[in-house]
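Protein chains in written order, with the UniProt record's numbering: chain A, 1 to 525; chain F, 1 to 330.
Keep in mind that the hints were calculated from the coordinates and are not lab data. It is possible that part of the hints are untrue.
Said to hold, decoys possible - Computed list of lysine to aspartate or glutamate pairs in EDC-like fashion (alpha-carbon distance at most 16 Å, straight line): (1) Lys405/A with Asp32/F; (2) Lys202/A with Glu168/F; (3) Lys482/A with Glu298/A; (4) Lys317/A with Asp252/A; (5) Lys202/A with Glu223/A; (6) Lys294/A with Glu483/A; (7) Lys405/A with Glu35/F; (8) Lys482/A with Glu334/A; (9) Lys437/A with Glu453/A; (10) Lys482/A with Asp252/A; (11) Lys292/A with Glu353/A; (12) Lys202/A with Glu92/F.
To be verified - Distance ranges between label pairs, derived from CB positions: (13) Asp220/A with Ile26/F: 43 to 49 Å; (14) Ser183/F with Pro215/A: 27 to 33 Å; (15) Gln379/A with Phe14/F: 42 to 48 Å; (16) Ala48/F with Gly316/A: 41 to 47 Å; (17) Ser183/F with Glu164/A: 35 to 41 Å; (18) Glu110/A with Ala18/F: 45 to 51 Å; (19) Gln379/A with Ile137/F: 33 to 39 Å; (20) Ser450/A with Ala10/F: 58 to 64 Å; (21) Gln379/A with Ala10/F: 48 to 54 Å; (22) Asp210/A with Asp171/F: 42 to 48 Å; (23) Pro142/F with Gly267/A: 34 to 40 Å; (24) Phe27/F with Glu334/A: 30 to 36 Å.
Don't be surprised by glycine CBs; every beta carbon is placed ideally from N, CA and C.
For reference, the chains in residue letters:
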Amino acid sequence: MTIRHLLLASVAVAGLAGGAEAQNVLKWGANRDIGSLDPYSYGDSFTINVLNHVYEGLVRYNADLEIEPALAESWEILEDQVTWRFILREGVTFHNGNPFTAKDVVASLERVSHETSPLKGNLPAYVSSEAVDERTVDITLNGTYPLLLNDLTNIHIFDQEWMEENDSLLPTDIGAGTEGYATYNANGTGPFIVESRQPDAKTTFVVNPDWWDEPQHNLDRIELTPVSSAATRVAALLSGEINFTNDAPVQDLPRLAAAPNVEVLEGVDLRTVMIGFPFRDTLSTGEPNPFKDKAVREALYKAIDLELIHEKVMRGKSRVAGATVAPPIPGYAEELDTVPEFDPEAARTLLEEAGVPEGLEFEFNCLSDGLVNEEQFCQAIAAMWSRIGLAPQLDVAPRAVQTPKRTGGTTDVYTLGWATLPMLDAYSPLLQIFHSKEGNSGVFNWGGWSFPELDALIQEAGQELDTETRLALETEALGIVKEEIIMIPLHQQPMAWAVTDEVTEMPLFPDNKPRLWFARVGSEG
Amino acid sequence: MLAFLIKRTANAVFVMLAVALLAFVIFRFFGDPVEMMVNEQATQSDRAELRERLGLNDSFATQYGRFVVNAVQGDFGISYRNQQDVMVLIGERFPATFELVLVATVISLVVGIPLGVITAVHHKSRLANLLQLGSIIGVSLPSFVVGILLILAFSVSLGWLPAFGRGETVDIGWWSTGLLTPSGRAALVLPAISLSTFQITLVMRLVRAEMLETLRADYVKFARARGVPRGRINWVHALRNCLMPVITLTGMQIGNLIAFALVTETVFQWPGMGLLFIQAVTFVDIPVMAAYLLLVSFIFVALNTLVDVTYAWVDPRLRDDSVKAGGANG
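Sequences and hints are given; from them, build the entire structure.
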């Protein structure tokens, strides 16, 4: 009897919830689910992107990807050059009604930079923070550092009281095997409130009527459903079960574009696809490494027909790149964005002069689940290199398998895509990829190169507070990268979203992150 | 009987330990979970530290020993990716997979048995040949192709049924069911059909083979001679004698279906255990993969042991060698 009653009650509740359905619903079909409701639990930019609708940072990107005030109204660098003072916005409340104050900021910064947090790398210069008064926070850094604002765009602010009540002041620690309240619950200041979550099935958000900002969107509700199978996602869009996807599969774009109710939004991603070289003394085969010779790297560059890859492999949708960062990234310079002429004959001559033996074997490491059409462009490039008398051994496997080989330096030539996220500045690849591997720098310097002149420029840029001077330094450093051909830039890869005709406005962002507080849905009837 | 039970249980435990060991060996080739967990800006020392904290630097034997000791106590740790207790995570997904498998099994019996009887009774007719041919297609079509075709036909072209998901669910205690809401039932149709195609064929072919044999039995001939109606002979007397192997097969296949539901769940974004496992593989979420593999092998081992024990209970000759030898002498 009791079970029967329970059933009836549940059905009744479900019915009520259905009746109160909101009018403007954005039904978002993503290619995967968020990992948890806690943005600090896993180093996953998609999770952070989605939860940015619920949680906000002190600053944020506007529709043109420029930094603007969000939870902080203004800021200044104090006299010691290492302390930044932020004045917080007044009248902001969390979704549970608690007011937003300085101690929330301090608690959040402490949480994200705690030693067990997988995201502490997102705030590399942070030392400590202090609440001066209710509305003022001082953040102390480990030196002069120009990119704090860029970093803070991705640091979500939690409510200190809420974390304390729920024993969540520290991030969850997988090592200790503890679960966290924030994994299942969310309480931010953002434009949307988490209504319900069923992992891998559906996460729903409702509009926050008390948001401090004037909403540009007209959504009442967002339903995020992961649909991992590409064919199913396309079917769901065609049948109108979802009205937005941020991953329209490249092979289905013509079909989607031909459908009367679907619009495809195409653009070029910020991610620059590059090829890296080993700088160790020997190759994985044990032979001496010829790639330390710049002439050999140049030969490999000249042997790649970038236009052909753009036209055939990327179906004309990529942008051929000469520089290692995309045009919208601060630090980019047009004069660096040139590509050498495709000339396999000259490449052959260069190899001969450098004394590279005919049929030189080396490993070419690519991911099967990495960049757009990665397997195909790797095959194409391997064929082009074979044509100049080399014998690249293509090694294609999932990211989880390839990454240890790359970081451990047990492979030779490899691919790498870099979007400069979340920093959106040329300093990101310079520090993470092109700087020598030492301390916190050069984490992605898998080839093991070292150019002291380049390192000096990067370090100088990393402490220069004047933006113009800093960007000039970064451009100069990128010039050395290009001159030395440390890596071969190939292209910026295409990105495609798709919406049905229910969605009237959906700005496409080159960092491939949907920001639904700019989206509008046409009211039906 | 007791000795037999102990022996069978010991066997089962040994199989489980072997599965856990195999799973651990395989995980070494899955890659490095730490590289998937930290973000791009994490430094090398951050990574090394995390690896140390997760115990990934310990020797293989230590890791395996720790896993077995914890697993025996029902503790599989927490998921790297979801930061949730693995048993809770799997427990949440189990009802979805179970309902899917249950409905697929019912469909396979309801469709497969009559088809089997028809093809046996009219085994020379054109219809039977056509059905036989169809059954070959049913066996050979991979279930993801069936799934995509069903979606194209019934979701995109006709718009009758949803292409993915589980619809609205109702919670009864810890069990969440989609069977009690209209959207839940609609969402179940396509995945269940897709999962059952192979099973239907299997049941149909088994019933057909059994029926062909039974129809030649003396009692069927006598019944016919006595003037019992054809339909009654075929559908009541003969069929009943064919059902024992069907029931055994269906029981044993439940383990298979749970394991194969993985493909169907991926195509239809069905939030079950298989989908969880696929995602765990992508993110090298070792605790989830280990628990899933153990659970599935446990279901297999349990079903097998149960069948063995039942057979032994029915047939004393199977209990142990001495009895068997004695039986042979007598």
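Violations among the numbered hints: Hints 10, 22 and 24 contradicted; others consistent.
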